[in-house]
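> This is what each chain is made of:
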Amino acid sequence: MYNYMPEGISAFLKKRLDEHTVSTIKYDYGTVTKTGDGVARISNLPKCKYGELLRFENDVYGMALDLEEDRIGAVILDTSDTVYENSTVIGTGEVAETPVGNSLLGRVIDPIGRPLDGRFLIPEEYYPCERHAPKIIERRPIDTPLQTGILAIDSMIPIGRGQRELIIGDRQTGKTSIAIDTILNQKNSDVICVYCCIGQKASSISGLVETLRDKGALPYTVVVAATASDSPAMQYLAPFTAASISEWFMEKGKDVLVVYDDLSKHAVAYRTMSLLLMRPPGREAYPGDIFYLHSRLLERSACMSEACAGGSVTALPIIETMAGNISAYIPTNVISITDGQIYLEEELFHSGIRPAVNTGLSVSRVGRAAQCGAMKRVSGTLRIELSKFREMAVFARFGSDVDSSTAKLLKKGQILTELFKQKKASPFTVFEETVILLAYKCDVFDDIEIKRLNDFTQKLFAFLKKSYSVLASSINQSGDLSDDDEAELKKAFSIFKGSYHE
Amino acid sequence: MKIIITVPDNSYEDFYDDICSGFKKKYGNDTEFLKRTSNSLIGGFSAEVNGTVYDTSVRAKLNEIKKAIKG
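The listed protein sequences correspond, in order, to chains A and B. Each residue of the first sequence is one higher than the one before, counting from 542 in our numbering. Each residue of the second sequence is one higher than the one before, counting from 32 in our numbering.
Since the hints were derived computationally from the structure, they do not count as laboratory data. We put the CB at the ideal spot given by N, CA and C, even for glycine. Please note that a few of the clues may not be correct.
As the list claims (entries may be wrong) - What follows is a set of in silico ranges between Cβ atoms, one per label pair, in the way DEER data are often shown:
#1 55(B) with 611(A): 29 to 39 Å
#2 66(B) with 611(A): 46 to 56 Å
#3 70(B) with 636(A): 47 to 57 Å
#4 61(B) with 623(A): 30 to 40 Å
#5 71(B) with 611(A): 43 to 53 Å
#6 52(B) with 769(A): 45 to 55 Å
#7 41(B) with 673(A): 30 to 40 Å
#8 636(A) with 61(B): 32 to 42 Å
#9 556(A) with 52(B): 26 to 36 Å
#10 55(B) with 551(A): 47 to 57 Å
Unchecked claim - In silico DMTMM-like links for lysine to aspartate or glutamate, alpha-carbon gap of 20 Å or less:
#11 66(B) with 626(A)
#12 1038(A) with 987(A)
#13 676(A) with 887(A)
#14 98(B) with 755(A)
#15 33(B) with 598(A)
To be verified - Part of the chain A face toward chain B, derived, beta carbon under 10 Å:
#16 564
#17 570
#18 585
#19 626
#20 635
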């Protein structure tokens, strides 16, 4: 029986203090022989392992990346101006870790898990930033679509849960917008989102977090931010931290979408680190293991088998090209690693076609396996039609006479191009996408002026949501379009068209 | 032999002298001591001897607890 009176508590504490023995913790230590530019050379730390966290004086942490016979090369994770030559370094015996768990949802953290949003974080668990990718036996083929809410992508370049789809294009072509719209579209689904910013301006990240908050997407999103002012080591760690956070949810059976924005800056940060660590430079001064850096990161995206909880991690890495050059070193590397790419073209963007998806160079290698039934049924030969239109449109520019079939192809192409234009942060539901494409297939838009198409589709949506709400929710939920549904929609189109003309 | 002793702050003079005399007993009178202060220790001391740190600080204890909580 415990005595909870003050004298009882005092006696208990006194007894515990008498019993207390001073225990000593022993570590190996080394000495900083050289420091500068965010890296440090260390001597006398023989038991140090690759990737181990090192503690410098003043509680500054670094990571051991170069292990040589008589010295260690480490990158400093925090501000490096407090690390001095001849100061002591202790090997912590731990590798870089990140907090994981549900408590991270709605939070903004840095690559080593420190909250950046001014609130306290109570982590459920810690995962190492670098982990092995799931084994072959643990995976299953990709068969479930991940709806982006962007008509051009869902219809022609479908993304599946567990796929790695690259978003590539020049600066200011809408790459981040596609990723953000995809996150916003997961609002009423069960998908958890992780957004990893690498080397971006702090003001851009702040704006992005505000957008997510305003649109109600922050509660199911984790933002991992390494800004342009963070050390190259922090920028290097950021996507690995995001991958570990995603894997925790995946192992709990959840579907996760992770956006790496962007891997070009990640490659540049790694190049900086490698050059400072005196590693030999290769093509474009990148180190020899730059391919492995991205392949081991993206290989961690997977669609797990039912025996392994059945979760998935879908990755949307972003790569910024220079003057549309997709054959540069890093773009070709990441193109070859991923399961397809969405190529955004500056010319299309400036001509008002947004999202500026170039359908000729964009591809999804998972293909129709990752498309819902309704989309499969209505999207048919859109890519070919659009390619033919763009080819023909070049000749039509010269003002030459065209035959009736070419004129029809051009008209249909113009309609399709206009239908694919979509405002930022306004994703379509499966039902809306199905309606647009079915109406296009049934030539509903053929006698509508191009400039009135947007108005027509908006009014059509409003009419269908009012009069066919049961059908709309059924298609949204099942993602399928039966023969009866199609017939009902066709009937609805003719009713609406009559009233629209009136 | 050179031993670096870190204590939380300069108010620990007696404590520092006790530590030095303890090490002198173990390693002999020609041992050289270098004193450092670091508030991050909170309490206790750490000593660097021949490539090994002997850490009895509160910070080290807290780190051990943190490790144990992480699992």
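> Which earlier hints can't be squared with this structure?
Numbers 2, 3, 5, 7, 10, 13, 14, 19, in rising order.
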